[in-house]
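Participant: Residue numbers (full-length UniProt numbering), protein chains in the order written: chain F, 1 to 325; chain X, 1 to 266.
Each hint should be verified, as a subset may be incorrect.
Claimed, not checked - Have a look at the derived ranges for each label pair, beta carbon to beta carbon:
{"no.": "1", "chain 1": "X", "residue 1": "Q49", "chain 2": "F", "residue 2": "R33", "range": "53 to 63 Å"}
{"no.": "2", "chain 1": "F", "residue 1": "Q153", "chain 2": "X", "residue 2": "F25", "range": "37 to 47 Å"}
{"no.": "3", "chain 1": "X", "residue 1": "L152", "chain 2": "F", "residue 2": "Q229", "range": "49 to 59 Å"}
{"no.": "4", "chain 1": "F", "residue 1": "E127", "chain 2": "X", "residue 2": "A251", "range": "30 to 40 Å"}
{"no.": "5", "chain 1": "X", "residue 1": "A245", "chain 2": "F", "residue 2": "D39", "range": "42 to 52 Å"}
Because the hints were derived from the structure by calculation, they are not lab data.
The C-beta atom is built at its ideal place from N, Cα and C for all residues, glycine as well.
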Amino acid sequence: MSAAETSAAETAVVETEGLRREFTVGRRRARRRVVAVSDVDLRITPGEAVGFLGPNGAGKSTTIKMLTGILVPSAGRLRVCDLDPTRQRRELARRLGVVFGQRSQLWWDLPLRDSFGLLGAIHRVPEPEHRARLERCVDVLELGPFLDVPVRQLSLGQRMRGELTAALLHGPRLLVLDEPTVGLDLVSKERLRAFLQEVNVVDGMTILLTTHDLPDVERLCRRVVVIDQGRVVADDAIDALHARSGGAREVVVELTQPAAPLHDLPGVRDVRVEADGLRQRLAFAPADTTAAALIAAVAARVELRDVTVVEPSIEDLVRTLYARG
Amino acid sequence: MDDLRVHARILGSRVRGQLAYPVSFALDSLGQALGQANELAVILVVFAQVDSLGGFARDEVLLIYALAGISFGLADLAVGQLDELPRWIRTGELDVLLARPLGVLPQLVTSDLQLRRLGRSAVGAVVLAAVLAAGRVEPTPLNALLIIGTPLVGATIIGAIWVVTCSVSFWVIEGRELANAFTYGSTLTTAYPISIFGPWLRRLLCYAVPGAFVAYFPALALLDRPDPLGLPHVLRYAAPLVAVAAVLVAALVWHTAVRHYQGAGS
Chain F
1 MSAAETSAAE TAVVETEGLR REFTVGRRRA RRRVVAVSDV DLRITPGEAV
51 GFLGPNGAGK STTIKMLTGI LVPSAGRLRV CDLDPTRQRR ELARRLGVVF
101 GQRSQLWWDL PLRDSFGLLG AIHRVPEPEH RARLERCVDV LELGPFLDVP
151 VRQLSLGQRM RGELTAALLH GPRLLVLDEP TVGLDLVSKE RLRAFLQEVN
201 VVDGMTILLT THDLPDVERL CRRVVVIDQG RVVADDAIDA LHARSGGARE
251 VVVELTQPAA PLHDLPGVRD VRVEADGLRQ RLAFAPADTT AAALIAAVAA
301 RVELRDVTVV EPSIEDLVRT LYARG
Chain X
1 MDDLRVHARI LGSRVRGQLA YPVSFALDSL GQALGQANEL AVILVVFAQV
51 DSLGGFARDE VLLIYALAGI SFGLADLAVG QLDELPRWIR TGELDVLLAR
101 PLGVLPQLVT SDLQLRRLGR SAVGAVVLAA VLAAGRVEPT PLNALLIIGT
151 PLVGATIIGA IWVVTCSVSF WVIEGRELAN AFTYGSTLTT AYPISIFGPW
201 LRRLLCYAVP GAFVAYFPAL ALLDRPDPLG LPHVLRYAAP LVAVAAVLVA
251 ALVWHTAVRH YQGAGS
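The whole structure should be built from the sequences, with the hints applied where relevant.
Facilitator: Structure representation (structure tokens):
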């Protein structure tokens, strides 16, 4: 039932072919060309929510900036919302909502309300639509208490909620988010994720998201594109990626007494012993066993003090995929 | 036209902020005016010692100085924000402007409006009034048109030169010094008769960086006097055409420069 299955013939929101971008770095004699993005083929259909993952410097932001018309590609074909981002940047900007976690699109010295007013004018949003969209964001993101506070006095969490509102006021077809949750506390992150999920599922808005935060992706995206050293190393449903990345999940058991390494448990692929046997890390694949079954098996052998289940980080996931790819 | 209204609205939000601190605004304006008056003092001191400079009498030099000063103040008001371009590029803030459905240059121009820069124009206007009162310019309709049009045309030429030189920042982040040589250097090269400069600088100002069209040539027309260098008569009315050409070149260079934007790496 995913959007990808039902809309194979539908026009893509994003379509790239052989996308490439090089940079000149260094000065004078040390000058050299660096390939930031290379041969990226990407197709995103309406209503999809795609997570764009990769380590620092992998080329995520560069790709996003080419998609939004900020950077001009060195080579390759590129279409976003039926437009050429390089030649039709301004027209494209009306169809895109963009949130950069690292920089603000709001006016530092203006209250949020005035910033929204200016953005409404910039995008030429008719007044009733503007009011309706703003009301909804104020409602769901709880902007009310700080709508009249200058942006520079807002907390990071408050500002990010403002940024997201700013990106949605003109009713974009594609919402592009570059690390939207960076630096946020858990409550703010969760609030942002819930709203993004609503925008995607209820309104059917297409979302492309880069992040370092695996829970962001697991909450929002059914599809994940992994990029490393400028190349796409995986493009798949998120469950398939978890399965492919294999023994990345871990049960960490704390014991009341030191014990010998817990080998020969069903489904365990690797055992690492810490604190002289008081703590043991058992790596397993979800395909082989469940965390519950594994914990029960351990409890049958030794006395447990505490148990935690560790999810793989994005870095781990990428490393596993890349080593196999 | 719609874009203009949007820019006016952005600008309005900037101006309100400045007028909220009237004392600071007044002091800033005074500072700018003093900077301009400084150059006036230099001219007056020089003419206390000599009767002519490059073949021009004191009032004639003051006319050039006044026209150039008003032009410079207006240009500074309009595109002076480009001084901040290296910061926009280095921090990657330019990304935000590129993600909006507006031109980047107009957005930079309206990112701030430093009304205090009119302090320079004010001093120029006072000197211009004094020269006119002294009766050095015939009160004809053509001269009236020249006096009103020259500062606007001159500001356009200076503005175009600045846009071209600031575009360098897209290739060389530390290009500010080079750009400033042209921007603030132009206060010197436009405010004096070009006959006082050496032949190479003169040619540069006539044909490459058209500073001579800001005030020198229009002043020749206003004073109705022959060019001491014997340059073609028609040049003194050519400033509007030069301005159009300068704007076209600036637009082309700017467009190329923005396409060369490399971002800030995050």
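Participant: Compare the structure with each hint and give your call.
Facilitator: Checked hints:
At about 59 Å, the beta-carbon gap between Q49 (chain X) and R33 (chain F) stays in the expected band of 53 to 63 Å. Taking 37 to 47 Å as the suggested C-beta distance range, the pair Q153 (chain F) and F25 (chain X) does not conform, at roughly 23 Å. For the pair L152 (chain X) and Q229 (chain F), the beta carbons lie near 54 Å from each other, so the given range of 49 to 59 Å is met. Distance hint check: the CB atoms of E127 (chain F) and A251 (chain X) are about 34 Å apart, consistent with the given range 30 to 40 Å.
At roughly 43 Å, the beta carbons of A245 (chain X) and D39 (chain F) sit within the given window of 42 to 52 Å.
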